[in-house]
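Just need the whole structure built from these sequences, with the hints factored in.
Spelled out from the first residue to the last, the chains are:
There are 2 protein chains.
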Amino acid sequence: MKEVVAGVDIGGTNTVFGLVDRTGKVLSAKNLKTTDYPLIDDFVQALVSAINKLLLVKSSCKLIGIGIGAPNANYHKGTIELAPNLAWKGIIPLAELIRKKIDVPVILTNDANAAAMGEMIFGGAKRMKDFIVLTLGTGLGSGIVINGQMVYGHTGFAGELGHTIIVPGGRECGCGRHGCYETYASASGFVRTALLLLSELKDESILRDIPPAELTSKMIAAAAAKKDPIALKALDFTAEKLAFGIINAIGFSSPEAVFLFGGLANAGEMLFVPVRKYVEMNVQPIFKGTVKILPSGIPESNAAVLGAAALIWNEKSK
Amino acid sequence: MKEVVAGVDIGGTNTVFGLVDRTGKVLSAKNLKTTDYPLIDDFVQALVSAINKLLLVKSSCKLIGIGIGAPNANYHKGTIELAPNLAWKGIIPLAELIRKKIDVPVILTNDANAAAMGEMIFGGAKRMKDFIVLTLGTGLGSGIVINGQMVYGHTGFAGELGHTIIVPGGRECGCGRHGCYETYASASGFVRTALLLLSELKDESILRDIPPAELTSKMIAAAAAKKDPIALKALDFTAEKLAFGIINAIGFSSPEAVFLFGGLANAGEMLFVPVRKYVEMNVQPIFKGTVKILPSGIPESNAAVLGAAALIWNEKSK
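Residue numbers (my numbering), protein chains in the order written: chain W, 34 to 351; chain Y, 34 to 351.
Calculated from the structure, these hints are not laboratory results.
One copy or any two copies: either way a pair holds, since identical chains are not told apart in the list.
When the alpha-carbon atoms are kept at most 27 Å apart in a straight line, the in silico DSSO-like pairs for lysine-lysine are as follows:
1) 325 - 110
2) 321 - 110
3) 349 - 162
4) 58 - 86
5) 133 - 63
6) 122 - 321
7) 162 - 110
8) 66 - 95
9) 310 - 259
10) 351 - 162
11) 63 - 86
12) 35 - 159
Set out below in structure tokens:
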């Protein structure tokens, strides 16, 4: 029988899951609405039933494990802890709850760590031992691999680069502090930068016709592609800040590559070219020319499921 | 026969070396003047002869390896590369040169990594898998251990926290950039801060009677112990900056402990108390109460030799 892993990505609104084979082929993928299950027991029941249903259809497949990406997931404990965007409050022993219903290994981590694992097992980091994945969405998530191992740290919550402070006393952050990396280098940070530049500069811009609440990273990137001066300057400003955090991360772990993924990274070469320039310009001399800044090697549509599944495939390959 | 390791610490002026047993006992230690050997071949010859002489005296001992701490040492390659404070220019294949004369394993790394290895094998981090050592001397060196392994990174030069930037556009650094961690959080950063406060504040201070070129970290600590207002404020300012870098490092690797070592750390609890306060006050909520800030568990007099020797003992314990 063909061995498969269930990859599960739990988001605030939707949970995506699918069966993934050893080569990274997604055999089938489905959705649950996370918000339909305010009680964790109901969610676990629904998820396990849905996975069993997929296995019934793929009757030649044998499930060997379940990998889960989820907010505030603790790898060491298999728990989701105090996740602000989920209905389940407190500390949820999710791995244990699932194992009571399906007797296979269950591994949890946050979505950025899952993305890094996906990159290592199925993506652009296949032959790398030291790399970092930055997910540039509403916030900035990071998955760090050192010596071929995911960095979880003493608490299980390591890799919170989005909340390292790059501008002391800078922009207000959702974490209650100021100047965090993600307030500048994320899709929403990009929007904040465009608003700042609209306030500071007098250039004409199509962005002046969009209410701030409706402005998105995608719109600004589209405007930059049309040479809108504010959008172009916002892109340059954001690239410099993104590079700044990358430079400090290089000083820490000297990675072979940094992969940029999601939301803001979809701006493509318009973003990557200045990020590379600022990294090379400002990195400590000893690290000049040593780090590749790359787009993710995983298609975004399947990234979450593949990343979660990779958690199990990684264990199997040891 | 009793197995021993030679621990060697190469500094710009002096090279200290000694034989170290498995328990961390330094059986004998000696010095060479590094500056007496402008040619690397002469240095290697002198060092190997001196180690052989120690072994003749301790005739019941068998040498099983040589561990070396040196500036700009590359662990992966066994080289010293472009070290500004050494007479040997270019890339020096030191491990290879030594192995030609004594056929035992030779491992090189920089002094901060050696300090961290010493802490793990012989010091306060014996049962820890995730910790960081900061050496607070003229500069700030760092040795980072994650999952029980030293972090060398893709290049072999990882762990350069002293040159992560904590104040964009801040103090001029010897690396040619501005605002590096070590320009604030080191013995010399402490001196710079005292000078800044002497310029900004009008408090009386015994530090006003000392020419800036003669002012040392030790003098300021002594003045602080006598409640000198400028010295006390310099200590507080330095503690906050030191904490700032620690906080960002916690976001990266979530260590169990951060050990402070050397020069500035000798200020003792006067420094540790405010550092702990600022870390707890400003760290990301998820990491509050998770990190111990500790003095090194290794006596400073033997630290360099023990750390270097630990590089080999660590390999033997695998």
